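There are 2 protein chains.
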Amino acid sequence: MTNKGQILRLLNYKNLLKHLQTLGFKKVFSDNISDTLEISSSLVRKDFGNFGITGNRKGGYDIDSILAKIDEILGKDEIQKVIVVGTGRIGQALMNYQGFIKEGIQIVAGFDNDFSKVSEGEDIPILHLDKLPEFVKEKNIKIAIMCVPQLVAKHTLDMLANSGVGGVLNFTPIKFQSSNEVTVNNINIVHELENLIYIVNKQKTT
Amino acid sequence: MTNKGQILRLLNYKNLLKHLQTLGFKKVFSDNISDTLEISSSLVRKDFGNFGITGNRKGGYDIDSILAKIDEILGKDEIQKVIVVGTGRIGQALMNYQGFIKEGIQIVAGFDNDFSKVSEGEDIPILHLDKLPEFVKEKNIKIAIMCVPQLVAKHTLDMLANSGVGGVLNFTPIKFQSSNEVTVNNINIVHELENLIYIVNKQKTT
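Protein chains in written order, with our numbering: chain D, 105 to 310; chain A, 105 to 310.
Calculated directly from the structure, the hints in this document are not laboratory data.
Don't take each hint at face value.
Any copy will do: because identical chains look the same in the list, a pair fits if it lies in one copy or spans two.
[Unchecked claim] The calculated lysine-lysine pairs, modelled on DSS-like cross-linking and capped at a C-alpha distance of 25 Å, are:
1) Lys173 with Lys279
2) Lys243 with Lys173
3) Lys162 with Lys122
4) Lys206 with Lys246
Every value quoted in this text rests on a predicted model; they were computed, and no experiment measured them.
Whenever a hint applies, use it, and build me the whole structure from the sequences.
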């Protein structure tokens with residue numbers, strides 16, 4: 105596992121296999137995977153070989169075993185503690201997102217610079233931003249979701265990196281580059297919609 | 105403008121230029137853009153030439169003019185009406201997201217199959233899912249944001265496509281392929297976090 109392409113394929117395998125499990129599948133064939141994900145089946149078999157997953161073209165692969173192996177590679181044997189910075193509507197929705205915990209992701213706190221939002225007694229407390237550096241160090245937090253207003257995004261990212269956070273999922277409209285200190289994955293919802301609007305409008309006129 | 109790479113660059117230009125505007129910039133040089141977006145400056149100039157944007161290496165390009173031209177190409181002269189399907193926490197947060205309207209995107213309604221969530225009198229009404237096909241046809245809706253539970257995602261996507269929606273921004277964990285009827289952009293938040301966790305854990309151990 106050395107590049108981003110491989111890790112993305114791994115996540116796509118996992119996603120597909122979990123979906124097949126909900127349909128009652130026990131075994132899967134590399135051809136099924138390659139058709140669905142639009143990659144070659146030899147690449148699928150090569151990846152599985154690299155992960156140490158055994159199986160064959162005729163008998164298929166055991167889905168449970170592949171998923172266990174993938175979780176092992178992803179380091180999912182321990183719960184990953186994540187914080188949310190900026191507790192507006194999107195931030196609060198993510199703090200309470202039900203899809204995280206079954207993937208071993210636990211949101212442990214929210215942070216906001218608005219004192220009126222602070223609520224330390226909750227299951228998932230909202231703390232003032234001033235407490236972030238101490239919290240991150242004490243709890244050894246490595247991952248943050250950033251949903252702050254655009255104007256304070258750069259400042260917040262710097263604060264996270266300086267506190268020792270190594271990965272940021274960025275929901276602000278500003279596209280940040282990863283640095284040596286911090287890896288940034290950007291999700292720009294407006295961008296995605298504008299892209300769709302362009303494609304759909306173009307289809308209408310052609 | 106013929107491929108997805110070009111439209112994504114266009115959106116990246118727009119994003120960067122809007123950011124520079126907030127800093128007080130009036131002019132921009134292709135070299136600045138190429139450095140920031142990590143593409144060649146000749147490609148930037150070629151894109152601008154294709155869009156009919158005039159300017160030169162020495163004098164720079166007028167930011168207002170580029171942005172107006174980009175919005176024209178993106179079809180942003182008219183307000184784009186978008187619906188949100190599934191009004192859980194994420195859906196409701198997106199219904200009220202402040203970043204859309206300044207980009208000419210208006211959320212006109214939410215839809216849910218839970219009657220207790222229906223509230224027709226609001227600024228942005230929440231209607232029952234049964235009313236979706238009629239609403240989409242009547243209001244000529246082309247774009248939907250899908251935030252429904254995983255189990256009903258496929259059914260919902262089919263319903264949207266059959267109603268005439270041409271573009272879907274999919275927040276469910278299932279990765280859908282685009283078809284002739286409907287273009288799907290997938291945003292998988294859990295995926296993005298798992299990817300970050302993997303990268304950050306790997307950095308710790310190397």
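Against the structure, the hints:
1. In this assembly of identical chains, the alpha carbons of Lys173 and Lys279 lie at most 25 Å apart only when taken from different copies (21 Å versus 33 Å within one copy).
2. In this homomeric assembly, Lys243 and Lys173 never come within 25 Å of each other (Cα to Cα): the closest approach is 27 Å inside a single copy and 49 Å across copies.
3. Taking the shortest alpha-carbon separations for Lys162 and Lys122, only the intra-copy value of 21 Å comes in at or below 25 Å, while the best inter-copy value is 55 Å.
4. Within a single copy, Lys206 and Lys246 get their C-alpha atoms as close as 19 Å, which meets the 25 Å cut-off; across copies the closest is 34 Å, which misses it.
This entry does not satisfy hint 2, going by the numbered hints stated previously; all others are met.
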